[in-house]
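Sequence order for the protein chains is A and B. Okay, so the first sequence: first residue is 1 according to the UniProt record's numbering, each after it adds one. Okay, so the second sequence: first residue is 1 according to the UniProt record's numbering, each after it adds one.
Simulated from the structure, these hints should not be mistaken for laboratory data. By construction, the Cβ of each residue, glycine as well, lies at the ideal position given by its N, Cα and C atoms. Fair warning: there could be bad hints in the mix.
[Unchecked claim] Covered stretches of chain A (in silico footprint by chain B; criterion: 3 or more residues with CB under 8 Å from a CB of chain B, positions within the stretch not fixed):
id	region
1	180-188
2	272-285
[Stated by the list, open to error] Cβ-Cβ distance ranges computed for the label pairs, FRET-style:
id	chain 1	residue 1	chain 2	residue 2	range
3	A	Gly42	B	Ala135	50 to 56 Å
4	A	Glu62	B	Ala226	55 to 61 Å
5	B	Ala226	A	Glu63	43 to 49 Å
6	B	Leu360	A	Asp276	55 to 61 Å
7	A	Gln46	B	Glu303	50 to 56 Å
8	A	Glu62	B	Glu127	32 to 38 Å
9	A	Asn197	B	Pro337	38 to 44 Å
10	B	Glu223	A	Glu193	43 to 49 Å
11	A	Glu62	B	Thr366	55 to 61 Å
12	B	Asp132	A	Glu62	55 to 61 Å
13	A	Glu261	B	Glu303	29 to 35 Å
14	B	Ile336	A	Gly19	31 to 37 Å
15	B	Pro337	A	Glu261	48 to 54 Å
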Amino acid sequence: MSVLVDDDTRVVVQGITGGEGKFHAEQMMEYGTNVVAGAVPGKGGQEAAGVPVYDTVHEAVEEENADTSVIFVPPAFAGDAVFEALDTDLDLAVAITEGIPTQDMARVNKRLSETDTRLIGPNCPGLITPGEAKLGILPGNIFSDGNVGLVSRSGTLTYQVVDNLTNRGIGQTTAIGIGGDPIIGTDFVDALELFENDDETDAIVMCGEIGGEDEEEAAAFIDEHVDTPVAGFIAGRTAPPGKRMGHAGAIVSGSGTGTAESKISALNDAGVPVGDTPEEVADHIEEFLG
Amino acid sequence: MKLHEYQAKEVFADAGVPTPASQLASDVDGVVAAADEIGYPVAVKAQVQVGGRGKAGGIKLVDDAEEAREAAEDILGMDLKGYHVGQVLVEEAVDFVDELYVGITMDRGEGKPVAMVSTKGGVNIEEVAEEDPDAIAQEHIDPSFGMHPYQARKAVYDAGVDQSVARDVSSVLTTLYELWANRDASDTEINPLMVTSDNEVIAADAVMNIDEDALFRQPELAEMEAEAASTGDDLEQKADEYNFDYVRLEGNVGIIGNGAGLVMTTLDLVDHYGGEPANFLDVGGGAKADRIANALDMVFSDENVDSVVFNIFGGITRGDEVAKGINEALEQFDEIPKPVVVRLAGTNWEEGMEILNEDLVTVEQTLEDAVQRSVAYADEVNE
């Protein structure tokens, strides 16, 4: 079992003719992901990574029954690419692109609320259900099939924690990298809800970092709605305060939130142990699983 | 990217926001000449991108040429919270009866821009936000429609701005939103927006932060950035040139990694194992060999660094490229200046390990071991 993605998922890769798009489309297929098409304006009729390329996502959906898109489009055009995915009523769109202007994402976010498509990212590694499918750039070999759900704001931190789990023989149901940008689609709360409702997921790892209030909101949600045991990790305990925080941004969020301490104490208050190191996170999960 | 005050004022003034008469100066005679021309009293304001300039002695109000000369001598060349002051703004001192706060920013929680107005201007507005959040009126804006005029008025009236200036303040707020939207700003702010006895409003300060990811479509602002990058910490400036996310810290263990979350975790572990991080350096995703070599060059340039830990967990970044970069950077030395510990995992890590010249670095398999080894090396230097 898994959430969001399995071996039936039919993937169109937006930007499949680009360097990253082609490389990772091949990597995904090698892993077993059912990549059925590519979509690149002006490249319709060609073939890339062994699948047909269409000019539009609409065509890829019509011709190949794609239900999910993975987006490897350069930042200047990626906002538009996500709009296209949303306009096609796909089940899922995964935006890997890093560096999409925030205002483009604000407009995407508005449209997202009007559609049934779920967005993961942007600026994320994607998601993986070990042994079935991976959507994105995660290194497939470090994951293993099992009963732990993982959600993380940071790609490389996801890999680190998974590595610690897999090395102890603890596998994963699905790992979701939600991305660290200010505006993202699926957030911690959405992912926690998916794992809570998944029969195969017996424990959850949640990796956060300083900035924003998503972890505090997730802690409140866990307190109210999550019975599955959760272990946490928060990156940035030693980050100097105020270094990259916008001036006005701090007013909206108020102070007292967004720091590692506030996130850790919110999680602790919700009964979530937070590891000092990724190894300690694995310790907690091991305890949960008995 | 943050514009200097004088740059932000220029952008605001071009858009129609009233600003005081001012001139930029970089030497003492220039300050006096500018002050004479503007007419006393004037404010002499250090142009560095740090908050609390006034309290740190970077802003002085002067009444005549002699005081202008003294202020210029004091401020020009001073070190303000680590930043060298090379330029000052000489500005007409506005006689005001009231101070307001107006600003636009992105509310990341809502995923929408928000307009903010407060009659508690002229002070540390973050403190107001904390102690009396109701004193700041907020109005969220649909980014696909932009700010409707009624929303600007609503924010202004909700904040309790006096009727006599409400129309002008609304107009300033509308302009700030247009600049925010059209120039890809992350924040546009005026604090204080001064109200004169004639019921005029004037921007006494100006803040404009630009979304760096959008600079490709803001060529004018990108040019300003090139200009603005000319002051500040040498290493942070170098990081700008190399286009790294880099923050200089106080410690002696240099840290290089890929992905902000993992690099922060590496910092946290250095601290956890009793060391002190010298920096945060994220090479970003998919770094090629030359970028890795530049990162090592950066960290070696910091004289406080006693050891370096490389923590790479490849996804889109490939271990073989990282190893090539490390070799390239280190093979140019007869003697490696500081011990380098390398931990490679993820995509192509095995290929990387085959390439890596292990005579030049210490290899560790796990994050924990790599961090502990680098802390031990740094400790040895200080024994």
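Evaluated hints:
1. 180-188: The restraint on the region 180-188 of chain A holds, since 3 of its residues have a Cβ under 8 Å from chain B and three suffice.
2. 272-285: With 4 residues in contact (Cβ-Cβ under 8 Å with chain B), the coverage given for the region 272-285 of chain A holds.
3. A/Gly42 / B/Ala135: 50 to 56 Å: Since the Cβ atoms of glycine 42 of chain A and alanine 135 of chain B sit about 54 Å apart, the hinted range of 50 to 56 Å holds.
4. A/Glu62 / B/Ala226: 55 to 61 Å: violated (47 Å)
5. B/Ala226 / A/Glu63: 43 to 49 Å: holds (47 Å)
6. B/Leu360 / A/Asp276: 55 to 61 Å: violated (32 Å)
7. A/Gln46 / B/Glu303: 50 to 56 Å: Holds, at about 54 Å.
8. A/Glu62 / B/Glu127: 32 to 38 Å: violated (57 Å)
9. A/Asn197 / B/Pro337: 38 to 44 Å: With a Cβ separation near 55 Å, asparagine 197 of chain A and proline 337 of chain B fall outside 38 to 44 Å, so the hint is violated.
10. B/Glu223 / A/Glu193: 43 to 49 Å: Holds: the Cβ-Cβ distance is about 46 Å, inside 43 to 49 Å.
11. A/Glu62 / B/Thr366: 55 to 61 Å: Violated - the Cβ-Cβ distance for glutamate 62 of chain A and threonine 366 of chain B, about 49 Å, lies outside 55 to 61 Å.
12. B/Asp132 / A/Glu62: 55 to 61 Å: holds (57 Å)
13. A/Glu261 / B/Glu303: 29 to 35 Å: Given a distance of about 32 Å, which is inside 29 to 35 Å, the answer is holds.
14. B/Ile336 / A/Gly19: 31 to 37 Å: At roughly 33 Å between Cβ atoms, glycine 19 of chain A and isoleucine 336 of chain B fall inside 31 to 37 Å, so the hint holds.
15. B/Pro337 / A/Glu261: 48 to 54 Å: At 36 Å between Cβs, range violated.
The structure is inconsistent with the numbered hints 4, 6, 8, 9, 11, 15, although it conforms to all the rest.
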